[in-house]
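Visitor: Starting from the structure of chain A, add chain B where the hints point.
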Amino acid sequence: MSVLPIRIYPDPVLRVRCAEVTAFDDELQKLVADMVETMHAAPGVGLAASQVGVEKRVAVVDLSVGQDPDQLLVLVNPLIVMDDGAEVESEGCLSIPEFTEKVDRPFKVEVMAQDAAGAPKRIVAEGWLARAICHEIDHLDGVLFVDHLHGLRRERAKRALKKLVKEQEQREWDAAAPASSG
Amino acid sequence: MKFFGKKNASAQQQYTIDDLIVLERYAEAEQRIHEDLKFKPHDLNLHLKLADVHVGLRNVAKAIDEYGFVADKYAADGFHDRAIAILTKARRLNPMDDTLPQRIERLENARKLEHSRSGALEGFVGGLHAKEGGGTAVMEFQAIWRQLAKSKLLRDLSSDQLKLLFQGVTVVYCDPGQTVADRGSRDEALFVIVGGEVIASIVDRNGVAIDVRSFGPGHIIGEGSLFEHRAWPATYKAKTKVSMLKLTQAGLEICLKGNPDPRGFLDVLRRDQADRDVGQSVARLESDGG
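Chains A and B are the protein sequences, given in the same order.
Take the first sequence: its letter number 80 is residue 80 in my numbering, and every next letter is one higher.
Take the second sequence: its letter number 1 is residue 1 in my numbering, and every next letter is one higher.
I should point out that these hints are in silico values taken from the structure, not numbers from a laboratory.
Be aware that a few hints might be false.
[Said to hold, decoys possible] Across the chosen pairs, the derived CB separations fall in these ranges:
(1) A/Leu-79 <-> B/Glu-24: 34 to 40 Å
(2) B/Leu-37 <-> A/Pro-43: 42 to 48 Å
(3) A/Val-65 <-> B/Lys-112: 50 to 56 Å
(4) B/Glu-114 <-> A/Gly-151: 19 to 25 Å
(5) B/Gly-78 <-> A/Trp-128: 34 to 40 Å
(6) B/Lys-38 <-> A/His-150: 19 to 25 Å
[To be verified] Only some residues are given here: those of chain A computed to face chain B with a beta carbon under 7 Å:
(7) Lys-158
(8) Lys-162
(9) Lys-166
Just so you know, even glycine gets a beta-carbon here, dropped at the ideal spot from N, CA and C.
Okay, chain A solo, but in the shape it has when bound:
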């Protein structure tokens, strides 16, 4: 297992709609194991495959951040089949560091998915778990939590995203500097 680099906004892979998983092979098992380790190391409570640069419909969620193995959820080809209620809570994202904002999400969701071996499963989640699942499934569709914001919150998000873009440009500049000087 290894910790994978997490893609940071504005990495274009974060805007890709991920493809269905059709092969439940060793490569997928390794991806899931690496994603779990990456999520725990970050630390985070959820991670989608696109966040580690893989355009596949795979996500992992663990509200205990590794403290309780029973809470780990592996979602392959997840699909929300029912949502109910609404709740506004603060959210963050490993791909948009140091920015949190309140987002409106369903309070309860019912999700159809497969596990890493391809076995179908049904999950009914409420509250934070429902929120985390929705957040990760959004990632698989190329949607970021900032896309749900409006008005002043959206403006605040834009400023945070611009900061990330500038930081990215600075990193690229720094990386390019030795090469150009040499």
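Guide: Frame of chain A; chain B shown alone:
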């Protein structure tokens, strides 16, 4: 399989318009917005984004046009605060543009009027008109308000005063030719004409009716009779179908009870001095006639 970081060439096209603005790729953002606007020409968020893009492209005039368009739409839907905020933003782009302060001022007036409307409606629904069996039809009020919207009365009375006025008035309707008040009568009532036309006339010694003056929407008649207990100086008749707000002594008491500025309230109602003008005209006509 494409694992671990292979960038899809098509991925670049997946950026949202917001992403393109954040990435300062304004030309692409503008193109995408125009494409989207073909299908959603009335999407105000898209127009706002287009304005932001114009700002990014340093097209200040175009940005102001877009902000103005969105502000007008918001204002038309009653969102005056939002419209003012957008125009204020536009104004910062070009402080030398004289038209923007005027537009903001107009919106501020409209916002005040909207605030007044809420108070007036509250007064009307719980006021004398409803108690006297006139009903509390909101639609009736809306029609009255719309017809009086440009009158000095609504502009000059505060929201609280308008609420009191609408508490104290009843709505009366007259058919063409119907008498509102006879000359010399002492029916103590003031009328605010909402719709239609009222003619003040006298009959000369030969029995010929002479029109002295006509009154239309927003005009106030009867202030002499209500406030100074004078006789009506002429006969007032509806020329067309007329709707009016009628204020009697009983209604006036409601208007003045708890009124924070009764003198100001009365001043607005008698400012036009229509009865005095009619009385002077009548006196002139009669003296000319011998």
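Visitor: Does the nearest C-beta of chain B fall within a distance shorter than 7 Å of the C-beta of A/Lys-162?
Guide: Since chain B brings a Cβ to about 5 Å from A/Lys-162, closer than 7 Å, the hint holds.
Visitor: Confirm or reject the claim that B/Gly-78 and A/Trp-128 have a C-beta distance inside 34 to 40 Å.
Guide: Holds, at about 38 Å.
Visitor: Falls inside 50 to 56 Å, the C-beta gap from A/Val-65 to B/Lys-112?
Guide: 54 Å, holds
Visitor: Given A/Lys-166 as an interface hint, is its Cβ closer than 7 Å to any Cβ of chain B?
Guide: This interface hint is violated because 10 Å lies over the 7 Å limit.
Visitor: Does the beta carbon distance between A/Leu-79 and B/Glu-24 stay inside 34 to 40 Å, or does it fall outside?
Guide: 36 Å, holds
Visitor: Falls inside 19 to 25 Å, the C-beta gap from B/Glu-114 to A/Gly-151?
Guide: 21 Å, holds
Visitor: Kindly confirm whether 42 to 48 Å is satisfied by the beta carbon distance between B/Leu-37 and A/Pro-43.
Guide: 43 Å, holds
Visitor: Does the Cβ distance between B/Lys-38 and A/His-150 fall inside 19 to 25 Å?
Guide: With a Cβ separation near 23 Å, B/Lys-38 and A/His-150 satisfy 19 to 25 Å, so the hint holds.
Visitor: Would you settle whether the hint for A/Lys-158 is holds or violated, based on the nearest Cβ-Cβ distance to chain B being less than 7 Å?
Guide: 6 Å, holds
Going down the numbered hints, you'll see the structure goes against just number 9.
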